[in-house]
Amino acid sequence: MPELPEVEVVRRGLAEHAVGRAIGAVEVLHPRSVRRHEPGAADFAACLEGRVPTAARRRGKYLWLVLDSGEMLLTHLGMSGQMLVQPTGKPDERHLRVRLPLSDGTELRFVDQRTFGHVMVDVPGVLVDVPSSVDHIALDPLDPGFVPDVFVRALRARNTEVKRALLDQSLISGVGNIYADEALWRSSLHWARSTREMSGAEATALLGHARDVMTEALEVGGTTFDGLYVNVNGESGYFERGLNAYGRRDRPCGRCGAPIVREAFMNRSSYSCPRCQKPPPPRS
DNA sequence: CGTTCATCCTGAGAGC
DNA sequence: TGCTCTCAGGATGAAC
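Residue numbers (the working numbering): 177 to 460.
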């Protein structure tokens, strides 16, 4: 499940292997993958043919190539998306959705089993270097422009549960279910804590942990791609070794030894330590 | 306006 | 063995 660190690994791969190569005749193999490109698949391909990517950028989980036309090739990997750079002629992946030939004899391939992800050609929004579709996405905590105090104030102004706020990409971007659980574990906070009742110090510490856990994942994941193969599917080494809460039901908490519990949350899961992360008293 | 929730999708794995 | 059921979850747009 690609979250910020995994998407950043892909961005670095695209900067290395796609920027500067002209795009050839694009093939859309599954219409759902371009559903957010309103004019349709043929227009999507036409916007890209002959264009040259000049930079690879990212905000949160959104990733885009700036094109020499001034437009952007915007990508969201969703749950299962991958951006691969493969040699031309290599057999298609089972879930290949879009093929973009590059002028150096390789192909950029968008592969996505569950088709929650998408690609589109977008135009600049409020800022000239950010696609219009990303305007509503908050800065992520690894962005040099991210201001911690702005986040802390916005978080405490919300009236919701803290994990809902962490997952709200218009408040802070790049955090998904895995890193939310990890940041809350490090902060000894339960996911249902009320944002309104959190102190400034608690909010600041939570932000620090979110930033740290993603930075650490990036350091591990950033070493796992090489050569032409630009890959992400949530299988960085970090997932094998570094998680303290996510997916660890019944395994001992690394801090106190109590078995980690799984609770249903927004049609998915929340993992936490029942001793270190005390649930808040029921709200009336 | 702020907040919550159903919905999209496919494959792995469990249970029978 | 093959069927059914459950689970994984990011972002959206409708509902409250």
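Some clues are possibly wrong.
As the list claims (entries may be wrong) - Each pair of labels, with its calculated beta carbon distance range: (1) 395 with 301: 30 to 38 angstroms; (2) 266 with 192: 15 to 23 angstroms; (3) 205 with 320: 33 to 41 angstroms; (4) 244 with 311: 32 to 40 angstroms; (5) 375 with 266: 52 to 60 angstroms; (6) 375 with 268: 51 to 59 angstroms; (7) 265 with 372: 56 to 64 angstroms; (8) 455 with 192: 39 to 47 angstroms; (9) 292 with 326: 52 to 60 angstroms; (10) 456 with 226: 32 to 40 angstroms; (11) 212 with 289: 15 to 23 angstroms; (12) 289 with 192: 43 to 51 angstroms; (13) 340 with 289: 21 to 29 angstroms.
Stated by the list, open to error - Below, computed lysine to any residue pairings styled on SDA-like, alpha-carbon distance capped at 25 angstroms: (14) 266 with 227; (15) 454 with 329; (16) 454 with 353; (17) 454 with 373; (18) 454 with 278; (19) 454 with 277; (20) 266 with 203; (21) 266 with 278; (22) 266 with 226; (23) 454 with 425; (24) 454 with 434; (25) 454 with 321; (26) 454 with 424; (27) 266 with 306; (28) 454 with 430; (29) 454 with 336; (30) 266 with 282; (31) 454 with 337; (32) 266 with 279; (33) 454 with 344; (34) 266 with 256; (35) 454 with 396; (36) 266 with 277; (37) 266 with 329; (38) 454 with 433; (39) 454 with 352; (40) 266 with 328.
In case anyone wonders, no lab produced these hints; they're calculated from the structure. Backbone N, C-alpha and C define an ideal beta-carbon position, used for all residues, glycine too.
_Violating hint indices (sorted, rising)_ = Checked against the structure, the hints that fail are numbers 4, 9, 10, 12, 18, 19, 25, 27, 35, 37 and 40, while the rest are satisfied.
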